[in-house]
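Asker: In order, the protein sequence lines correspond to chains A and B.
Heads up: the first sequence at position 48 corresponds to 48 in the working numbering, and the numbers run straight through without jumps.
Heads up: the second sequence at position 68 corresponds to 68 in the working numbering, and the numbers run straight through without jumps.
By construction, these hints were calculated from the structure, which means they are not laboratory data.
Some hints here could point you the wrong way.
Claimed, not checked - Simulated crosslink set (PhoX-like; lysine-lysine; CA at most 20 Å straight-line):
no., chain 1, residue 1, chain 2, residue 2
1, A, LYS4, A, LYS52
2, B, LYS3, A, LYS7
3, A, LYS45, B, LYS47
4, A, LYS7, A, LYS24
5, B, LYS35, A, LYS34
6, B, LYS47, A, LYS7
7, A, LYS4, B, LYS122
8, B, LYS47, A, LYS52
9, A, LYS52, B, LYS38
10, B, LYS38, A, LYS4
11, B, LYS74, A, LYS52
12, A, LYS34, A, LYS45
13, A, LYS34, A, LYS24
14, A, LYS24, A, LYS52
15, A, LYS7, A, LYS45
16, B, LYS124, A, LYS4
17, B, LYS38, A, LYS34
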Amino acid sequence: MILKLNKEIYPEKALKRAIKFYGKVADFRLKEQKDYFLVSGYLEKEDAELVKNEFLNFVLEVIRQ
Amino acid sequence: MNKIVFSLNSEIVSLESVYSTCYAFVDRFYIYLDKKNKNIIVSLQPKEGFIAKTTEGEFRNELLSNLLREKIAKNNLKIREYIIGQALYSSASSEIDEFFGKAGNDYQEDPLDIAIPWEEKKDKKSKKSGKKSKK
């Protein structure tokens, strides 16, 4: 699973907090690529889509806090 | 599932108001945001059991109300700061008055004998202890 998140929208701090929180679900890694952060993590195919979507929502909630 | 994708002009819409609006939709949709040039791309994917019919319009309406809220908050910032400052100041000063009210109305009364030099205090004590020992 790889997520491409725009740096102008998703702050690094919020992403790191979310990754820390989701540490129990999967081993996520954060990388940078030009204007984007790349969040990668190994997940079973069945779970990947759900976890990806929930992770995105969670990041938005963290930003709002 | 039906994914709804639309763009918002970032020169008109602030990122903060977009975040606030997304927060209102997080329970019903999976939300992904992106930015291309001056446009914020919003993609909403409904969670199971939710129907995405009027979502874009709903989102835009919510966004408008958040923008208005933001603008009002910005305009009223100084007034709010003033009111809070006044409230805190008045409560603090009343606490100080209360404290002095308990300790004595005037600091010149010196109820704790703070103004009396140490030697005089010592003399007073020794006289008292002398009287006690005589008894």
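Asker: Which earlier hints turn out false for this structure, listed by number in ascending order?
Answerer: 2, 4, 6, 7, 9, 11, 12, 13, 15, 16
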